[in-house]
Amino acid sequence: MVQDLYAPSLQHALDVAGIFVFAISGALLAVRKNFDVFGIAVLAEVTALGGGIFRDLMIGAVPPAAFTDLGYFLTPLVVTVLVFFLHPEVERLQLGVNIFDAAGLGLFCVTGAVKAYAYGLGLTASAVLGLATAVGGGVLRDVLANEVPSLLRWDRDLYAVPAVVGATLVVLFIDHGMLNGATATLAVVTVFILRLLAMRYHWRAPRAWNRRSEVAEREEG
Amino acid sequence: MVQDLYAPSLQHALDVAGIFVFAISGALLAVRKNFDVFGIAVLAEVTALGGGIFRDLMIGAVPPAAFTDLGYFLTPLVVTVLVFFLHPEVERLQLGVNIFDAAGLGLFCVTGAVKAYAYGLGLTASAVLGLATAVGGGVLRDVLANEVPSLLRWDRDLYAVPAVVGATLVVLFIDHGMLNGATATLAVVTVFILRLLAMRYHWRAPRAWNRRSEVAEREEG
Amino acid sequence: MVQDLYAPSLQHALDVAGIFVFAISGALLAVRKNFDVFGIAVLAEVTALGGGIFRDLMIGAVPPAAFTDLGYFLTPLVVTVLVFFLHPEVERLQLGVNIFDAAGLGLFCVTGAVKAYAYGLGLTASAVLGLATAVGGGVLRDVLANEVPSLLRWDRDLYAVPAVVGATLVVLFIDHGMLNGATATLAVVTVFILRLLAMRYHWRAPRAWNRRSEVAEREEG
Numbered sequence: 001m002v003q004d005l006y007a008p009s010l011q012h013a014l015d016v017a018g019i020f021v022f023a024i025s026g027a028l029l030a031v032r033k034n035f036d037v038f039g040i041a042v043l044a045e046v047t048a049l050g051g052g053i054f055r056d057l058m059i060g061a062v063p064p065a066a067f068t069d070l071g072y073f074l075t076p077l078v079v080t081v082l083v084f085f086l087h088p089e090v091e092r093l094q095l096g097v098n099i100f101d102a103a104g105l106g107l108f109c110v111t112g113a114v115k116a117y118a119y120g121l122g123l124t125a126s127a128v129l130g131l132a133t134a135v136g137g138g139v140l141r142d143v144l145a146n147e148v149p150s151l152l153r154w155d156r157d158l159y160a161v162p163a164v165v166g167a168t169l170v171v172l173f174i175d176h177g178m179l180n181g182a183t184a185t186l187a188v189v190t191v192f193i194l195r196l197l198a199m200r201y202h203w204r205a206p207r208a209w210n211r212r213s214e215v216a217e218r219e220e221g
Numbered sequence: 001m002v003q004d005l006y007a008p009s010l011q012h013a014l015d016v017a018g019i020f021v022f023a024i025s026g027a028l029l030a031v032r033k034n035f036d037v038f039g040i041a042v043l044a045e046v047t048a049l050g051g052g053i054f055r056d057l058m059i060g061a062v063p064p065a066a067f068t069d070l071g072y073f074l075t076p077l078v079v080t081v082l083v084f085f086l087h088p089e090v091e092r093l094q095l096g097v098n099i100f101d102a103a104g105l106g107l108f109c110v111t112g113a114v115k116a117y118a119y120g121l122g123l124t125a126s127a128v129l130g131l132a133t134a135v136g137g138g139v140l141r142d143v144l145a146n147e148v149p150s151l152l153r154w155d156r157d158l159y160a161v162p163a164v165v166g167a168t169l170v171v172l173f174i175d176h177g178m179l180n181g182a183t184a185t186l187a188v189v190t191v192f193i194l195r196l197l198a199m200r201y202h203w204r205a206p207r208a209w210n211r212r213s214e215v216a217e218r219e220e221g
Numbered sequence: 001m002v003q004d005l006y007a008p009s010l011q012h013a014l015d016v017a018g019i020f021v022f023a024i025s026g027a028l029l030a031v032r033k034n035f036d037v038f039g040i041a042v043l044a045e046v047t048a049l050g051g052g053i054f055r056d057l058m059i060g061a062v063p064p065a066a067f068t069d070l071g072y073f074l075t076p077l078v079v080t081v082l083v084f085f086l087h088p089e090v091e092r093l094q095l096g097v098n099i100f101d102a103a104g105l106g107l108f109c110v111t112g113a114v115k116a117y118a119y120g121l122g123l124t125a126s127a128v129l130g131l132a133t134a135v136g137g138g139v140l141r142d143v144l145a146n147e148v149p150s151l152l153r154w155d156r157d158l159y160a161v162p163a164v165v166g167a168t169l170v171v172l173f174i175d176h177g178m179l180n181g182a183t184a185t186l187a188v189v190t191v192f193i194l195r196l197l198a199m200r201y202h203w204r205a206p207r208a209w210n211r212r213s214e215v216a217e218r219e220e221g
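Sequence lines, in order, name chains A, B and C. So in the UniProt record's numbering, spot 185 of the first sequence is number 185, and the numbers just go up one at a time. So in the UniProt record's numbering, spot 168 of the second sequence is number 168, and the numbers just go up one at a time. So in the UniProt record's numbering, spot 178 of the third sequence is number 178, and the numbers just go up one at a time.
By construction, these hints were calculated from the structure, which means they are not laboratory data. Note that beta-carbon positions come from the ideal geometry of N, C-alpha and C, so glycine has one too. Treat the hints with caution; some may be incorrect.
Stated by the list, open to error - For lysine-lysine, the following DSS-like pairs were computed, each having C-alpha atoms within a straight-line distance of at most 25 Å:
1. A/LYS33 <-> C/LYS33
2. B/LYS33 <-> C/LYS33
3. A/LYS33 <-> B/LYS33
What the hints assert, rightly or not - From chain B, some residues computed to sit far from chain A (all C-beta separations above 10 Å):
4. HIS12
5. VAL16
6. LEU74
7. PHE84
8. PHE100
9. GLU147
10. THR168
11. ILE174
12. TYR201
13. ALA208
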């Protein structure tokens, strides 16, 4: 059974930690958008749990874990209270938040891919759903806040690509019968380091941009 | 079986009435956004049925009731025709629309929570899904109309909080074995009155706002 | 078994062709929105597969076909590479793209309705889900790109109405026991021709518009 990478209590603690850091990014965006305390709670919940709910719907794991584990639901509410009172301090800790978010990204893409595979999906689909678990909540957060998803924008440091690498690593490990706690941790750490490097050196993905402007210039000229 | 709060025909009539009033808010927004008649119909359907479809997906009740009960589907089309021809009159009846909407809010959060519990979800998850049933359609309406969901905005009178109270009441009744037609009606009426009071006295939820502006001023000064 | 309209290999080839043309519209919008290459891929995937995933969730066909057929997933990635390098040329072929898109619209509304019926839904619900299969991906594309769905806008040539006609034709054929490869093709071609005519003659659906402006004028005057 591939799902038991870690002891269940450790797995659960890691999940809650990932939910915690993702909820912070949702709550902070809600504060910036001037939402009320209920809006902060909604955005914290959606950001933290949205990716996992999407994955669970796709693999037929209903009700999604977000609705059966009380800790998953309560964690974003704790974040809501913290951010409600302490948001200037949390904003000032942005670097720290980003570092924990990178860890959450790695954790969720690995556990998401493993869960999808455990529910019988193929290797490619499992990697895709690992990616969706990790980034889906952020996309829902931005859609609800009526913003262009930061995931899709060219002017943001690489976020999804590290998760793609991590999810691909995981399914390669599965395919070669090598998935265990150590290799899963290796995949998480790989995502974590790639994301930190992307932030440090402002790595970005290319746009299909230059040629269009050339054409536009040619047509204008 | 907790689902039989009312006689089935009464329950169905109430559901259709709730769908009717929710569809009005979707259709009116579509008119304001200058959508064509097809867009009016889509927004009416999504607003009226979106919350219930979301709940049914989460609890594994597929196909959702919205796709198995023809009355649920046809009601928003009737609303579309009405609003298409009579929207100035309907707009002028805004107060009346809001009052019926408050009744729909109460009804949907109660029946949504009861259905989720009947499908085996826990008390907290049932309350959350009751809330989602009542407000989910409105969120989808605003997302499709490319607006910030009015649910999340601080400058709107309390909408979700009455539904939170109602859904909480319902699961408390369930937990104490006290849920029946009378107590369910009590929960609906509680939501209804709270929402009317929120509109009358412009109750709003607090924002995490003042401290940020203080910080901004301090940093600017 | 109503699902076998065409030989499986032909059906699959048609599906992939439909996914291909829908992915183009997603990828081109991503280029116009200045998204990076990852954003182009996401929008291509969502546009091409979103409608089918929605339908499969509603009818309980999980995991959705988009996650079990590798060709469905890889096709939008091929489109991403093409559009990334050749988008000025693809833009210039807009008329050709629109013609293929019209064919995809017809194909998806027919196969979507047939699949929904095969999963036990009623005739009306099957028609609705056929429509949702055909237009759902485009709505998700516009929501992710933070634009008002072009489906809902009055200033676009009819897009959904041809699909409504086609889906209605299909369920009428089913209801009269007349659905086969020939009648299904007739429905696809009907959608195709109606959509081409709508583009050629700029057919639009009416808005609930004039009366409001009359009222506004009366109130202003």
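So, going through the hints one by one against the coordinates:
no.	hint	result
1	A/LYS33 <-> C/LYS33	22 Å, holds
2	B/LYS33 <-> C/LYS33	22 Å, holds
3	A/LYS33 <-> B/LYS33	22 Å, holds
4	HIS12	25 Å, holds
5	VAL16	27 Å, holds
6	LEU74	27 Å, holds
7	PHE84	27 Å, holds
8	PHE100	23 Å, holds
9	GLU147	7 Å, violated
10	THR168	14 Å, holds
11	ILE174	16 Å, holds
12	TYR201	16 Å, holds
13	ALA208	5 Å, violated
Comparing the model with each earlier hint shows violations of hints 9 and 13; every other hint is respected.
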